[in-house]
Amino acid sequence: DAGVIQSPRHEVTEMGQEVTLRCKPISGHDYLFWYRQTMMRGLELLIYFNNNVPIDDSGMPEDRFSAKMPNASFSTLKIQPSEPRDSAVYFCASSPSSWKNYGYTFGSGTRLTVV
Amino acid sequence: SQQGEEDPQALSIQEGENATMNCSYKTSINNLQWYRQNSGRGLVHLILIRSNEREKHSGRLRVTLDTSKKSSSLLITASRAADTASYFCATDGGQNFVFGPGTRLSVLP
Chain A
3 DAGVIQSPRH
13 EVTEMGQEVT
23 LRCKPISGHD
33 YLFWYRQTMM
43 RGLELLIYFN
53 NNVPIDDSGM
63 PEDRFSAKMP
73 NASFSTLKIQ
83 PSEPRDSAVY
93 FCASSPSSWK
103 NYGYTFGSGT
113 RLTVV
Chain B
8 SQQGEEDPQA
18 LSIQEGENAT
28 MNCSYKTSIN
38 NLQWYRQNSG
48 RGLVHLILIR
58 SNEREKHSGR
68 LRVTLDTSKK
78 SSSLLITASR
88 AADTASYFCA
98 TDGGQNFVFG
108 PGTRLSVLP
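Taken in sequence, the protein lines are chains A and B. Take the first sequence: its letters are residues 3 to 117, numbered as in the working numbering. Take the second sequence: its letters are residues 8 to 116, numbered as in the working numbering.
Please keep in mind that the hints were generated in silico from the structure rather than gathered at the bench.
Some chain A residues judged to face chain B by a derived CB distance under 8 Å, without partners named:
| hint | residue |
| --- | --- |
| 1 | Leu45 |
| 2 | Gly105 |
| 3 | Tyr106 |
| 4 | Thr107 |
| 5 | Phe108 |
| 6 | Ser110 |
| 7 | Gly111 |
Note that the Cβ used here is the ideal one computed from N, Cα and C, for glycine as well.
Bound-form chain B, shown alone (with noise of 0.2 Å):
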């Protein structure tokens, strides 16, 4: 299927750090999305990258996309405790998104 996946599973920062996740795909796209679900809540749009852009940026957001490699990432810069969520990208597979596993970010103070 054309499920994104992202890497790595977990992620544990200090506060003030950036963090990094990355999203890989296997099929061509036309866009590429990211989402944030705090725990026990639904998933929140964060930001959506067309295949012909490379990089786009939303506040302390950062997401890039390189279409050769069928890669994406996304940066939180100056990390604050409330980041703390799990981070999904999704990929249009033609009729409808799919979500990758996503990555647990936790922040420390």
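Just chain A, same shape as in the assembly (with noise of 0.2 Å):
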């Protein structure tokens, strides 16, 4: 397995514009994480999704952040429109159902700047 795939590995984009980044899981891991990383804040969770469907999205930081998971190998977080502060490492993860027995997979990271 590849792995999880996440894409684009960077980006950069102007404030206003709407980014979205997206996520392939492991085949079969029933769990997908989104994280964002920062200096300031560390890892953060933002939602995760159990069998495509969002369980937690308390993380979410405001509406202008969104996720779909719409089928098992694909998921995307969406911001529109995006500010100077959305800029940060974000991070897809999938994990299988006994993810407290194995841990989490995680992917390298889309890392994003909004000038």
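Two chains, two frames, a set of hints: combine them into the complex.
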């Protein structure tokens, strides 16, 4: 398996533009997590899905952020409109149903810069 | 929240020395994990220790867990320059794992 695949690796966009980050989890993993990492706040859980259903989105900072998982092999995180404070590295991670016993597999992340 | 807290925030050692990082947490846990993050990369799962375990080994890694003190330690023996990375502990907060702020380890050649 190629692991968790995220795209793009880097994204530079202007304030006010829409940004879409993509994630392909490991086949067979039931859980998918979106994290944001910054120097100031560390790793923050934004939202996670179980069997394509959003379970907890309490970490999504505001209505400008939305996430979808239309099928078991694809998820998107969208920011509209983007703001400079959204600049961060966004990680996607997946895990099997027994996540407590196996931990998470992370993608390489998308570094987002909003200017 | 259940967030673990790593200590120290940063650690610098010479190649060949041992590196010890600690993690403290506030409430009862089922499992605790350690992850490594190389610069510009995602986190990589290193080891998981369950609440009924006291010690686990994986290669040059040794993890201990003291549930009475609500703390865990990660020991890297005979460190190498390639061990330079940030190390995070993650505690299960019920619905998912919560990550601490990490320890930045620098291994100097």
